[in-house]
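Once you have looked at the hints, place chains B and C on chain A.
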Amino acid sequence: MVVFQLAADPVLGILYAGRTMQLLTMIIFSAFVYVMIRRARAGLPVPAIRKIPGLEAVDEAIGRATEMGRPVHFAPGIGGITNADTFAAWAFLGHIAKLCARYDTRLINTNRDYLVHTINEELIRQSYLEAGRPDSYNPDDVRYLTGSQFGYAAGVLGMMQRERPAANILIGYFFAESMLFAEGGANIGAIQIAGTTNTVQLPFFLAACDYTLLGEEIYAGGAYLSKEPNLIGTVVGQDWGRILTFVVMVIGCALANLAAAQGTAFKNYLLTK
Amino acid sequence: MSTTQIWIAALGTLALFSFLWKENPAYRFVEHIFIGLTAAHVVVMNYDSYIKPVWRDSVMRDGKYVLIIPFLIGLLIYTRYSKSINWLARIPMSLLVGYGVGYTLAFNPLPFLRQVTDNFVKFQGKTATITANNVLFFVMSMAGLAYFFFTVSREKYGLQYISTLGRYTIVIALGASYGSTVQGRISLLLGRMQFLLKDWLGVLQ
Amino acid sequence: MRKQLPLLLTGTAALWVVLCQYIHQFNALKMMGTTDQWQQIIVATMTLVGAVNLTRIHGTNIQRRRSGYYNSIALLVALWAYIAMGIYLTNKHVTYRWVYDATCVPWEATMFSMIAFFIASAAVRTFRIRTAEAAVMGLVAAFVMLGNVPLGPVISDKIPQLKDWLMNIPNGAGFRAIRIGIYIGTFAAAMRIALGLERAHLGSGAQ
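Protein chains in written order, with this note's numbering: chain A, 1 to 273; chain B, 274 to 478; chain C, 479 to 685.
Hints are supplied without guarantee of correctness; some may be wrong.
[Claimed, not checked] DSSO-like mimics (lysine-lysine), calculated; alpha carbons at most 27 Å apart, straight line:
1) B:LYS325 - C:LYS508
2) B:LYS399 - C:LYS636
3) B:LYS337 - C:LYS508
4) B:LYS356 - C:LYS481
Calculated directly from the structure, the hints in this document are not laboratory data.
All values reported here derive from a predicted model rather than from experimental measurement.
With the rest of the complex left out, here is chain A:
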């Protein structure tokens, strides 16, 4: 028989005490996304996503590589299979692989995580298959290098110099190797598009790449590139969440300045209720 060690009384007899507002946050943000997907599915109008130059440039970069007869390189960073940036990287890779397959352009994908590599391999193979070019798919171009951060960086730098991709697309969670990849690509004259949510690495991408997707922009990338109404709906849901965040911050700030005690209580309520 299991004996429950209850730390605090549950809320409504079921919810873990102290996490109710966190749960509510998750539910509200998920609900925004879900509602917008339903609207898109019902054929209701969905606002367009504003122009994001870094995303516009993806097709152009692949086109340029095709014209030059040189490969496209895609790196998903060093985040693992459970990292949200890797989810974003897959959305990009799906689009890139489809275009490369359609144009019969060579796509080189380098990976640090063996599980991310496994998924990428399947994703790229499937894209070539769907484009009716299974023979153009080269499994040797989807590479696991090593789990070591700088061993991976050494491999990517060497590959760039030897195989000289014309487009270097870096989307995912990057750490210090970001600078090596971005400068390595700049040195071979590749058109470079990069994006990460690691704020410490963003400046290096901004300095060395032609286009940089700042933080959250990579999450909107899949929807933007696919132009699927359902996916665009999720980005609208994101904006609703942003508006709510704005409102909460304005209320919180107003309380902090006009009624300090209530401001502190509101803050504590959000964090500990």
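Below, chains B and C without anything else, positioned relative to chain A:
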């Protein structure tokens, strides 16, 4: 480190640094050895840290046979090398990705709420400068957040001015981050130079 | 079945973590600790897929005598000999550590330190790009760098103050905006996968 180790480390270091001149056979050779050894290390660490202790101690010694299930789920990945049952490899992958999705949904609300509540800025400071800075911080952070609106037209509500301020706030933030990181990177380089000149060549004392 | 089962498993695993975090009784049973261990075992069991990929690619290089195939031989010897050594001796054995300390540790540090050169060349490139944003970013970076070294106060005692202001106000505000945006974005990204709108991890695109 023994003398032999220092020599191996130093020659490898020189070969890797030689990339700064150009990609060359010495770099290529060390790159390949480096990848081979570190990729092996990943396998060994997984074996030593999880596979061996869990199998030997938890399953065989303590009789926790339920732990055979995750081993079996993990082994399904190797069906990808079979043409007829390779779809089974999707099972462990979908479980792991789902687990990551769950983590994102369940664990991100707290740090998110911390960031939001930290922005409940009290403007009044001890001096007028501090007060001005507090107001500026709030305005800049709100403008920065407004910059990311994807589907709200920038022509409306004066959003273009706010998002331009937001964009510049972000650019300044990234510039400051760039500047503050440089020193750390240079000290890493000095560390490697010290290794070559002191530990290897003995030029520095 | 082949498509629906993985989708169902993705959604179920996601829901499981959410329940473990927010449902009181799940928490009391410490369910999360159990499944975290399961996850680690699953990941570890799959560890050979990376080594197999390296072996296949470099084995083909050797078989076809592609340019630089001898590097592939070196890689495969290093890979499998070191795996064998590690499994036979364990990663704590003195011989295993001897190799690791002579190669992996210093070479990692070397690659890391190479960033210093790349940072410099990237900075030069940024200054060359004559856009207002690049100029602002370059100037801010220069002031912060100067504020961090003894030369800064020698030029002007305002430079360290300016550096502190840049780090505390625009840097703090900008990064907060980016981070809040990232959290908002992760909810949407996770939902797209949980609901099966994005299925890249199952080898297919958006549906």
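Failing hints, ascending?
As far as the earlier hints go, not one is violated by this structure.
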